[in-house]
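Chemist: Here's the letter readout for the chains.
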Amino acid sequence: MMRRKNIEEHLYNIGQLLEIKAEEIKLTLKHKKHPIIMIALIIIAAIVLGDNAMVFGKKYIGVSPLDFDFFQRFPFSHLF
Amino acid sequence: MFRKNAPQIIAVELTLKCNMRCIHCGSAAGDLRKKELSSEEWMRFCEDASDLGCKIINLLGGEPLVRKEWYEISQNINDIGMRVSMITNGYNINDETISKLRAVHPYTVAISIDGAKPETHDSIRQVKGSFERCRQALISLGDAGIPTTVITTVHKLNFKELPAMRDFLVGRGIAWQIQMADSMGRFPKQLHLSFDEFYSVALFIATTRFQYSVKEMPVTGAHCIGYNSHVLPSVTMSSRWKGCQAGISVLGIESDGSVKGCLSLPREFTEGNVRERSIAEIWDDPGSFGYNRKFDTASLKEGCVECKYGRTCKGGCLSVSLSEAGKAHSDPYCLYRLEKEMVAK
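Which chain is which? The protein sequence lines are A and B, in order. Final position of the first sequence in this note's numbering is 80; the numbers increase by one with none missing. Final position of the second sequence in this note's numbering is 345; the numbers increase by one with none missing.
One or more hints might be untrue.
What the hints assert, rightly or not - Cross-link-like lysine-lysine pairs, in silico, BS3-like; alpha carbons within 27 Å at most:
id	chain 1	residue 1	chain 2	residue 2
1	A	Lys26	B	Lys160
2	B	Lys117	B	Lys68
3	B	Lys345	A	Lys21
4	A	Lys21	B	Lys68
5	B	Lys308	B	Lys345
6	A	Lys21	B	Lys117
7	A	Lys26	A	Lys5
8	A	Lys5	B	Lys215
9	A	Lys5	B	Lys345
10	A	Lys26	B	Lys340
11	B	Lys55	B	Lys242
12	B	Lys55	A	Lys5
13	B	Lys128	A	Lys21
14	B	Lys100	B	Lys160
15	A	Lys21	B	Lys160
16	A	Lys26	B	Lys215
17	B	Lys156	A	Lys21
18	B	Lys340	A	Lys5
19	A	Lys26	B	Lys156
20	B	Lys345	A	Lys26
21	B	Lys117	B	Lys215
Just so you know, the hints here were simulated from the structure itself, not pulled from any lab data.
Starting from the given sequences, assemble the full structure and let the hints guide the process.
Modeler: Set out below in structure tokens:
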């Protein structure tokens with residue numbers, strides 16, 4: 001496992017190249033979740049929301065799971 | 001014939017002719033390539049590509065819109081059941097072009113914009129007034145309801161303008177793909193991003209994704225930005241890099257009919273020519289695209305040897321690896337590799 005703190009300090013310096021504030025970096029890095037936790041959250045959300053998932057996504061996130069338009073805009077997007 | 005792995009997308013260099021002389025152009029586009037395919041040959045190729053199972057033809061160049069038959073070829077692609085996308089410099093987009101583009105229902109039209117300031121974009125593209133024409137083209141395409149993408153190729157001259165570009169793009173419903181210029185074609189090596197600059201671009205994409213919803217600012221790094229970061233959330237369209245897709249799910253055809261796994265690869269990676277063999281024959285040839293189809297971890301080179309992600313990553317982007325490390329399967333612009341070096345400091 002990498003020493004995350006060392007990297008974070010280095011990233012704050014690198015972020016200055018593009019005027020990215022340390023706080024923004026910190027929030028972004030903290031945002032990273034373990035994939036298993038993310039999958040569990042998605043499964044729980046799907047069970048709780050059921051058929052309302054589409055409506056919920058559209059209303060609160062702005063994009064429903066069926067709104068693939070945004071994800072298809074990139075000429076090579078589906079390959080990454 | 002059923003094919004388990006047909007190319008999903010084929011990048012078609014419709015012509016090498018271009019009305020700009022971008023300093024970072026990897027194809028050194030400008031004049032016609034020798035013996036470019038005729039419209040009839042392109043139409044025949046598209047039918048073969050459709051039979052092969054391809055779903056999308058991505059028209060690019062050079063500049064695809066300087067080829068006067070672009071519309072007929074696009075219509076033909078539609079007629080045989082595939083979708084068209086296009087990467088253009090936007091200079092030739094006018095009312096007539098837009099009405100033709102609408103008629104072919106493109107998957108997306110991507111316009112290259114390389115700076116937030118007109119002087120930056122114009123000096124990189126070496127055409128005065130091109131920024132304003134691109135900006136106008138973006139607005140007109142949006143008004144016409146055509147899905148639009150901006151592609152920005154970053155290097156030392158423009159990467160610091162990314163935040164200002166974001167300010168311009170946010171909330172306009174325009175997707176944004178950020179990619180790194182490679183040391184090939186016309187691009188001078190000294191303008192290539194340093195490792196820290198490269199990482200800052202990845203950081204910029206990650207923080208932008210955190211700050212803005214996908215609806216406000218759909219942004220992604222291209223195939224040359226990413227790979228198994230332990231620190232950043234994904235900066236590309238998938239959560240995990242699946243390795244170079246040249247000859248696996250993508251193909252590139254140069255305007256003289258030469259077939260390569262990816263148009264960014266050098267000429268020695270040409271697998272054949274559609275004038276001599278059909279695209280299906282080339283695709284199905286067991287000897288084709290060996291660098292990816294027969295890849296094994298023994299092929300990994302310096303910096304990637306013994307990497308735990310080596311088997312799927314294949315050493316990053318093959319084109320970047322060749323141009324920046326001088327060898328295959330050893331892309332030094334790898335977030336995971338750079339993070340390991342940060343720890344070692």
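Chemist: Each hint needs a verdict: does it hold in this structure or not?
Modeler: Against the structure, the hints:
With a CA separation close to 21 Å, the supplied pair Lys26 of chain A and Lys160 of chain B stays within the 27 Å bound. Taking the CA atoms of Lys117 of chain B and Lys68 of chain B, the gap is near 31 Å; set against the 27 Å cutoff, the hint is violated. Taken as a hint, the Lys345 of chain B and Lys21 of chain A pair is honoured in the structure, with Cα atoms around 22 Å apart against an allowance of 27 Å. Only pairs whose Cα atoms come within 27 Å are accepted, and Lys21 of chain A paired with Lys68 of chain B is rejected, the gap being roughly 48 Å.
Pair hint Lys308 of chain B plus Lys345 of chain B holds up; C-alpha atoms about 21 Å apart against a cutoff of 27 Å. For the hint linking Lys21 of chain A to Lys117 of chain B, the alpha-carbon distance of about 23 Å falls within 27 Å, and the restraint holds. Annotation: proposed proximity of Lys26 of chain A to Lys5 of chain A holds, straight-line Cα distance about 11 Å (limit 27 Å). Restraint check: the Cα-Cα separation between Lys5 of chain A and Lys215 of chain B comes to about 32 Å, which exceeds 27 Å; the hinted pair is violated.
Only pairs whose Cα atoms come within 27 Å are accepted, and Lys5 of chain A paired with Lys345 of chain B is accepted, the gap being roughly 12 Å. The straight-line distance between the Cα atoms of Lys26 of chain A and Lys340 of chain B is roughly 19 Å, inside the 27 Å bound, and the hint therefore holds. Under the criterion of a C-alpha separation no larger than 27 Å, the hint pairing Lys55 of chain B with Lys242 of chain B is consistent with the structure, at around 20 Å. With a C-alpha separation of about 45 Å, the suggested pair Lys55 of chain B and Lys5 of chain A falls outside the 27 Å cut-off, and the hint is violated.
Straight-line distance between C-alpha atoms of Lys128 of chain B and Lys21 of chain A comes to about 34 Å, which puts the hinted pair past the 27 Å bound. At most 27 Å may separate the alpha-carbon atoms for a hinted pair to count; Lys100 of chain B and Lys160 of chain B exceed this at roughly 36 Å. Distance check on the hinted pair: Lys21 of chain A and Lys160 of chain B sit about 14 Å apart at the alpha-carbon level, within 27 Å; holds. For the hint pairing Lys26 of chain A with Lys215 of chain B, the CA-to-CA distance comes to about 23 Å; that is within 27 Å, so the pair holds.
Distance restraint check for Lys156 of chain B and Lys21 of chain A: the Cα-Cα separation of roughly 21 Å lies within the 27 Å cut-off, and the hinted pair is therefore satisfied. Among the hinted pairs, Lys340 of chain B with Lys5 of chain A is consistent with the structure: their alpha-carbon atoms are about 13 Å apart, no more than 27 Å. Under the criterion of a C-alpha separation no larger than 27 Å, the hint pairing Lys26 of chain A with Lys156 of chain B is consistent with the structure, at around 26 Å. Among the hinted pairs, Lys345 of chain B with Lys26 of chain A is consistent with the structure: their alpha-carbon atoms are about 20 Å apart, no more than 27 Å.
At roughly 25 Å between alpha-carbon atoms, Lys117 of chain B and Lys215 of chain B fall within 27 Å of each other, so this suggested pair holds.
Hints 2, 4, 8, 12, 13 and 14 from the list above are not met by this structure, while the remaining hints are.
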